[in-house]
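The working numbering numbers the first residue of the sequence shown as -4 and each following residue consecutively.
There's no promise every hint is true.
[As the list claims (entries may be wrong)] In silico lysine to any residue, SDA-like type, Cα no more than 20 Å apart, as pairs:
| no. | residue 1 | residue 2 |
| --- | --- | --- |
| 1 | K90 | E63 |
| 2 | K323 | Y284 |
| 3 | K113 | K165 |
| 4 | K323 | L265 |
| 5 | K113 | Q229 |
| 6 | K323 | D264 |
| 7 | K90 | A100 |
| 8 | K154 | K165 |
| 9 | K90 | Y284 |
| 10 | K183 | N129 |
| 11 | K90 | R214 |
| 12 | K183 | R115 |
| 13 | K323 | E54 |
| 14 | K323 | R267 |
| 15 | K113 | E124 |
| 16 | K323 | G117 |
| 17 | K183 | G117 |
| 18 | K90 | C218 |
| 19 | K323 | Q229 |
| 20 | K323 | N129 |
[Stated by the list, open to error] Distance ranges between label pairs, derived from CB positions:
| no. | residue 1 | residue 2 | range |
| --- | --- | --- | --- |
| 21 | Q205 | Y259 | 50 to 58 Å |
| 22 | D252 | R219 | 41 to 49 Å |
| 23 | E198 | D162 | 49 to 57 Å |
| 24 | N52 | E105 | 52 to 60 Å |
| 25 | E80 | E243 | 22 to 30 Å |
None of these hints come from the bench; they were simulated from the model. Here a beta-carbon is modelled for each residue, glycine too, at the ideal position from N, C-alpha and C.
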Amino acid sequence: MAVKKLKFILLILLLVVLAVLVGLAGGNRVPTGYLPGWLERYLGSQTNQGGLQLQGNVEIREVRLAFEVPGRIARLHVEEGDRVEAGQLLAELEKDYFEDRRRQAQAALEAAQAELWKLRNGARPEEIEQAQANLQAAQVSFEHAQIQWERMRQLLPQKAVSQELYDNAKAARDRAEAQLQAAQAALKLLESGARLEEIARAEAQVALCQAQCQEAQRRLEDCRLLAPAAGLVQTRIREVGEWVNVGEPIYTLSLTDPVWIRTYVNGLDLERIRPGMAVTVQTDSGREYPGRIGFISPVAEFTPKTVQTREIRTNLVYRLRVIVSDPKGELRQGMPVSILVPAEGQ
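Using the sequences and the hints, build the whole thing.
Given below as structure tokens:
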């Protein structure tokens, strides 16, 4: 009985092999994953003679999108499953507080600029004329006080005036002289203009206000969440009306352009692959997509600590990145695929 069962199993296997070979002769492909490993390796060598057949997966590339400023969500413009383009508006925060802060910064900038222009332009002609008039009045007062003091000084030795009157005249003369010097200094100050240090301080204040104005404008723009790249909205995490802090994710975006495939090649076959080489990516359903080798890792993985024999060196593998053209978006992240690398000269 056991011999009969064994013969029956061998017959079934032989029929399967014959059917597969007939299918290959007719140009059909047999999806991988349904046959024994030795048979898949044999069929792979038949379908890609002289080349390599590598196994890999579509890389999972996700971006968690968040605002750079805190606030309350005002609008959400996309839903789960929507395709978005780079720079597309996804969500917005309430902008009232940010607009007020921008107006405050703009007003402070205008005030600082006005102060700087005032220092650079110097005094007005009317102010200089007023200072000149004050100087003339001080000059007249001083001359009058000088005459009074001279008269008192001459009469004092003759005892014609008291010492008190002489002292008062001298004090009035000294006071008029001081007022004259002050008027002269005021006029000179107006004519010479502002000091360089004051102008430099005003310029620094203008630069500070400009930076604050730019920061306020940037924070206002940060109320708009934009897509960093084209992709598919995978998850909507927040709802309208919720308060969010900086960095709290609003959407999860799946990046679909370009599509990357992660695969590995052993050390013996590494010299048969080079960056930019054209390859064919095949799914389990038999669909094929054009691709190219985009990256070869310079570092081996799963390397033993001590390499002592030639057989151990054949176990080293290197990571590859294959860039695939998928305009219809049929490849899904994490999907297993086969990479067919043609032989040299094909």
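> Taken at face value, is the distance from the CA of E63 to the CA of K90 at most 20 Å?
Replying inline: Holds, because 13 Å separates the two Cα atoms, which is no more than 20 Å.
> Are the Cα positions of K90 and C218 separated by 20 Å at most?
Replying inline: holds (7 Å)
>> Run the distance test for K183 versus N129: straight-line Cα separation, threshold 20 Å.
In response: holds (12 Å)
> Is the straight-line distance between the alpha-carbon of K113 and that of Q229 20 Å or less?
Replying inline: violated (58 Å)
> Is K113 within 20 Å of K165, Cα to Cα?
Replying inline: Roughly 41 Å between the alpha carbons, so the hint for K113 and K165 is violated.
>> What's the verdict on K90 and A100, does the C-alpha distance respect the 20 Å limit or exceed it?
In response: holds (15 Å)
> Quick one: are N52 and E105 within 52 to 60 Å, going by C-beta?
Replying inline: holds (59 Å)
> Taking only the CA atoms, is the gap from K183 to R115 under or equal to 20 Å?
Replying inline: Roughly 16 Å between the alpha carbons, so the hint for K183 and R115 holds.
> Does K113 pair with E124 here, judged by a C-alpha cut-off of 20 Å?
Replying inline: Answer holds: K113 to E124 is near 18 Å, not above 20 Å.
> For the pair supplied as a hint, K323 and G117, is the alpha-carbon distance within the 20 Å limit?
Replying inline: Between K323 and G117 the Cα gap is close to 69 Å, so the pair fails against 20 Å, i.e. violated.
> CA of K183 to CA of G117, is that 20 Å or under?
Replying inline: Holds: K183 and G117 sit about 12 Å apart, inside 20 Å.
> Given a hinted range of 41 to 49 Å, is it respected by the beta-carbon distance of D252 and R219?
Replying inline: Because 22 Å falls outside the window, the suggested range is violated.
Comparing the model with each earlier hint shows violations of hints 3, 4, 5, 6, 9, 14, 16, 20, 22; every other hint is respected.
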